[in-house]
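K.L.:
FYI, the numbering for the sequence shown is 0 to 162, going by numbering that gives the first Met the number 0.
These aren't lab readings, by the way, just hints derived from the structure by calculation. Hints are supplied without guarantee of correctness; some may be wrong.
As the list claims (entries may be wrong) - With a cut-off of at most 20 Å between alpha-carbon atoms, the simulated EDC-like pairs for lysine to aspartate or glutamate come out as follows: (1) K40 - E23; (2) K40 - D52; (3) K40 - E53; (4) K40 - D7.
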Amino acid sequence: MLEIESLDLSHNNLSGFIPSQLTELTSLASFSVTYNNLSSKCPPRVAQFATFDEASYQGNPFLCCTFPLQPSKPLFTPLASDDQDDDDDDGGRGGFIDMESFYASSGVSFVMALLIIASVLYINLYWRRVWFYYVGVTITSCYYFVVDHLPVPVKYKVLKLQV
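Work out the full structure, taking the sequences as your base and the hints as a guide.
P.N.:
Here is the structure:
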């Protein structure tokens, strides 16, 4: 077993840690544990393990090695659009939200909120009276604000004639 030259344990659904005793395999020329569920630290980068690059360990998101690992899968992948126009809403960055789904879900949420409010007002007489009282007060307040603060055009002003 000490004379093994190649050890490929990739895609085996392994979990746990990589034993540090593997560094004792002095004739190991090829080593791969890619795409498993390994965690903890990588074996020390001594002897032949110093020659193995990050490609030997990729696909293990919880594995901590002394060299920076590139993530095997980005956390957010931009959605590919059918047309690659430069007039995107997000400035050509390729966002992580599908805007059509966002607009549809916003519209459905708005309609549902209106239906819930309307059904509550239909069922509860007290809340219906309070709501319409509040709407009446708001309309009156807005009317007097407009009358007090908007300038009246000159041709509509009443001229006082002196006799």
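K.L.:
Against each hint, give a clear statement of whether it holds in the structure.
P.N.:
Evaluation of the provided hints:
Under the criterion of a C-alpha separation no larger than 20 Å, the hint pairing K40 with E23 is consistent with the structure, at around 17 Å. Taken as a hint, the K40 and D52 pair is honoured in the structure, with Cα atoms around 15 Å apart against an allowance of 20 Å. Restraint check: the Cα-Cα separation between K40 and E53 comes to about 13 Å, which is no more than 20 Å; the hinted pair holds. Straight-line distance between C-alpha atoms of K40 and D7 comes to about 18 Å, which keeps the hinted pair within the 20 Å bound.
Checked against the numbered hints listed earlier, the structure breaks none of them; every hint is satisfied.
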